[in-house]
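Engineer: Residue strings, one per chain:
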Amino acid sequence: MATAKKIGVLALQGDFDAHRKRLEELGAEVVLVKKPEQLEAIDGLVIPGGESSAFLKLLGEPGLEKLKRFSHRKPTFGTCAGAILLAQEIENPTQAGLGALDIRIRRNAYGRQVDSSIRQGNFGAAPMEMVFIRAPKIERVGPEVEVLATAGSDPVAVRQGRVMAATFHPELSPDQRVHQAFLDLVEAGEREARA
Amino acid sequence: MSDSNGNSTSLRLKTGLAEMLKGGVIMDVTNAEQAEIAEKAGAVAVMALERVPAQIRAEGGVARMASPKKIREIMSAVSIPVMAKCRIGHFAEAQILQALGVDYIDESEVLTPADEAHHVDKHAFTVPFVCGARNLGEALRRIAEGAAMIRTKGEAGTGDVVHAVKHIRQIVEEMRILTVLREEELYARAKELGAPYELVKLVAKEGKLPVPNFSAGGIATPADASLVMQLGAEAVFVGSGIFMKDAVHFADPEEAGKRARAIVEAVTHYNDPKVLLEVSEHLSGAMKGLAVAALGEAEMLQTRGW
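Line order of the protein sequences matches chains A and B. Quick note on numbering: this note's numbering labels position 190 of the first sequence as 190, and the sequence is numbered without any gaps. Quick note on numbering: this note's numbering labels position 206 of the second sequence as 206, and the sequence is numbered without any gaps.
None of these hints come from the bench; they were simulated from the model. Because the structure is a prediction, the values reported are computed rather than measured. Where a beta carbon is used, it is the ideal one built from N, C-alpha and C, also for glycine. Just so you know, not all the hints are guaranteed correct.
List of simulated lysine-lysine pairs, DSBU-like, C-alpha gap at most 30 Å [claimed, not checked]:
#	chain 1	residue 1	chain 2	residue 2
1	A	K34	B	K274
2	B	K208	A	K34
3	A	K137	A	K21
4	A	K21	A	K74
5	B	K258	A	K66
6	B	K201	A	K21
If you only want the chain A side, here are some residues facing chain B, beta carbon under 7 Å, derived [unchecked claim]:
#	residue
7	L12
8	G14
9	D15
10	G49
11	G50
12	E51
13	A54
14	R112
15	V114
16	S116
17	I118
18	V131
19	I133
20	L172
Okay, the calculated beta carbon distance ranges per label pair [as the list claims (entries may be wrong)]:
#	chain 1	residue 1	chain 2	residue 2	range
21	B	A291	A	E91	42 to 52 Å
22	B	A117	A	E139	41 to 51 Å
23	A	D184	B	A117	54 to 64 Å
24	B	A32	A	T94	18 to 28 Å
25	B	D121	A	D115	17 to 27 Å
26	B	T126	A	E139	20 to 30 Å
27	A	G161	B	D272	29 to 39 Å
28	A	E29	B	D272	19 to 29 Å
29	B	E73	A	E91	20 to 30 Å
30	B	G232	A	H72	32 to 42 Å
31	B	V248	A	G161	52 to 62 Å
Can you build the whole structure from these sequences, using the hints too?
Structural biologist: Following this line, the structure appears as C-alpha cells:
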C-alpha cells in the first residue's frame, strides 16, 4: 500500500482547518504550514480561503518568493483567496501574486457579503454545490489552462499543469470530489517523478 | 431549530465568512486613513466606528450606530470586509447597515442598548451578525437568535485583557463540561445555562460552538492576542488598543501601524514565543488603559445584554 501523501495547508490565516479536515478524511497526512522551511517536507500544498491581502502581509517578500518557487515545482491548490494568490494577473486592487496560473482574476467580483451565495455548478459534466463567499471571478483563462468547473458561464475551477484553483470553497461543502482531484494530481506527480 | 443547527443555506454563508476571518485580526477604525493602515498591516477586516470604545467610555453620552457616511468612507477605502456596530435590540439600525452593504454587523454592548429585553432577531437578515458573550449560555442564546459568530465581551475600551481572558476561559470550560455529561443531564444543564436544549446537545457532541468563537475586549499587545488564542479563541478583535495612546489621544499613525502589524503576526504565530518576542521587541508602550478591577458595576459595558 502506498504511504499517505503529506499535504501542507498554508495556515497563516483563513479556513485552513476546514481543508485539514477534508484532506484527512481522504487519507492524507496534513501539515499546517506557518514557516517557509516546512515547504521542503511536503508533497503538495493547499492555500485556503481567507483574506489575500493579509496572506501577502504575513508571507512578506521572502515568503512569497519561496512559495512561488514551490508552486512552480510542486502540486498546489488554492481556493478563493488561494486562487487569487496563484493567479498571474490580479485586479481590484492590483496586487502581487505567485504567477502560477495563467489567468486574470478579479477580487470581490460578485459584490460584498450580502451577495455571497450557494449555487449549483458543474464539476466536469457532473452537478456540484458551490459555496461562494465574497468570491473572486476568473476573467481570463490562458491557452494552457483547463477549465475544471463552471457556474453559469463563469469558469470557477481551473488547472494548469500541477496547479489547481477554485473561486468557491469546496472545503465548506460535504462533497469530496475537488480535493480528491487535487490528491490525484499529487499522486500523478509522484508517479512521474519515480518514472 | 433548522436555522440553528448549522445546515441552513443562509447560516452557512454567514458562518462561511467568519471561517475566512479565522486566525486573523479585526481592527476598530474611525476613518479611511486608519482603515488603510489596518489593511496594510494585514487586518482581515475592519470595524467602522465613529468613536472607538475608549473614547465612548471617556466621553459618555448615548453611543449609536456610526453615520452611514462615515461607514461608506471606510468601505470605499479598503478591499477587506467592513463590519459596523448596531445597538443591542436596534433592528432598524441593523436594517440600515444591511442596506448600506456592510459585511458583518456587531450587535454590540459598546453602544448604548436600545432594548432592555430583546436582542435583534438575526435570522431576519441576510447580513451576518457577531454578538458578544460572557459565558456559554449567553453565547447560545445569541446563536439561537441567529448570530453567526460569537466574540467574548471582555471589557471594551480598557486595554485590560483580564475579562477577555475570564470570558474565553468560562466559555471553553462550560463547553468542556458538556462533553462529559450524560445525555439525560443535558436537559437540566440547558435550563441552568438558559440556552436552547438543541444547541446544548450540539455543543456536547462537538465540544465547540456551532459558529466561530473569537475574542475581544481589552486586547492591547501581541502577548494579549497570543494569550486569548492559546486559551481557545479562533481570531481576535482589537479595538482601542491599536489607534489610541490613551482614552483621548490617538497614537502616532506610524506607531499604530507597527502595533497593528505586530498583533497580526502574534495571532498567526500565537504558539511560537520566538516570533512573539521578535514582534514585541520594537514596540513602544501600549495604550495607557484602565484597570477593570477599578471600574464600578455601572461603568461596565459587558453587563449590557443578557
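Engineer: Hint compliance check: list the failing hint numbers for this structure, sorted ascending.
Structural biologist: No numbers; nothing is violated.
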